[in-house]
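Peer 1: The chain contents come next:
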Amino acid sequence: QKEVEQNSGPLSVPEGAIASLNCTYSDRGSQSFFWYRQYSGKSPELIMSIYSNGDKEDGRFTAQLNKASQYVSLLIRDSQPSDSATYLCAVRNTGGFKTIFGAGTRLFVKA
Amino acid sequence: DGGITQSPKYLFRKEGQNVTLSCEQNLNHDAMYWYRQDPGQGLRLIYYSQIVNDFQKGDIAEGYSVSREKKESFPLTVTSAQKNPTAFYLCASGIPGGAEKLFFGSGTQLSVL
Chain A
38 QKEVEQNSGP
48 LSVPEGAIAS
58 LNCTYSDRGS
68 QSFFWYRQYS
78 GKSPELIMSI
88 YSNGDKEDGR
98 FTAQLNKASQ
108 YVSLLIRDSQ
118 PSDSATYLCA
128 VRNTGGFKTI
138 FGAGTRLFVK
148 A
Chain B
3 DGGITQSPKY
13 LFRKEGQNVT
23 LSCEQNLNHD
33 AMYWYRQDPG
43 QGLRLIYYSQ
53 IVNDFQKGDI
63 AEGYSVSREK
73 KESFPLTVTS
83 AQKNPTAFYL
93 CASGIPGGAE
103 KLFFGSGTQL
113 SVL
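Residue numbers (my numbering), protein chains in the order written: chain A, 38 to 148; chain B, 3 to 115.
Source of the hints: derived by calculation from the structure; they are not laboratory data.
Values in this document were obtained by computation on a predicted structure and should not be read as measured data.
Cut-off 30 Å, straight-line C-alpha distance, at most; resulting in silico cross-link-like pairs (DSS-like, lysine-lysine): (1) B:K103 - A:K79; (2) B:K59 - B:K72; (3) B:K103 - A:K93; (4) B:K103 - B:K11; (5) A:K135 - B:K59; (6) B:K85 - A:K135; (7) B:K72 - B:K103; (8) B:K59 - B:K16; (9) A:K39 - A:K104; (10) B:K73 - A:K79; (11) A:K79 - B:K16; (12) B:K103 - A:K135; (13) A:K104 - B:K103; (14) A:K39 - B:K103; (15) A:K135 - B:K72; (16) B:K11 - B:K72; (17) A:K93 - A:K104; (18) A:K79 - B:K11; (19) A:K79 - B:K59; (20) B:K59 - A:K39; (21) A:K135 - A:K104; (22) A:K104 - B:K59; (23) B:K16 - B:K85.
Going by beta-carbon spacing under 8 Å, a handful of chain B positions derived as facing chain A: (24) Q43; (25) G44; (26) L45; (27) L47; (28) Y50; (29) Q52; (30) L92; (31) E102; (32) K103; (33) L104; (34) F106; (35) G107; (36) S108; (37) G109.
Every residue, glycine too, gets a C-beta built ideally from N, C-alpha and C.
The whole structure should be built from the sequences, with the hints applied where relevant.
Peer 2: Structure representation (structure tokens):
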């Protein structure tokens, strides 16, 4: 079992729709969870972080965390073509020394 | 401007050659990391360092070496023992601790001639 799992996609949504990205993790003691966006050929950039169960909203982005189910999700409302990228789920392991990344989900937003 | 600088942007390695990727940060971060990314895949941890003069192997350290003589610098050497070095290499830094987010450099694309 991979430590952080994501559906590789591609996920295709029309402009203006809600994109839903999902991630599961195996280390039950993990405390910190992140979503990074990566454009092709570029480095990842942090878009959301979440540390406690529930929802966290920032503009068009909402991160959701359920530690009991070991599940993290990212919702992008009013999706724009500029949101087309690979979204990487990352989890800080127990002990806090390593950040483990999922393989990423490719998102395409069609104009 | 504060940030992480990686160089070179593109690097070519000949058979049997060692090459070194540079990573410098002026964010005053104690922790630094090297990740490897293969096409269509996520980031895999090669080495990390929580403090000067100390570093730890990540998940795929074989064929790589690092040093951490200065807080600002964390160079990665890809040795001839790494038989499949073609990948996108990313350096990152952060503040050690459970809530740490990572700041990334712009990456180095390494290819084999």
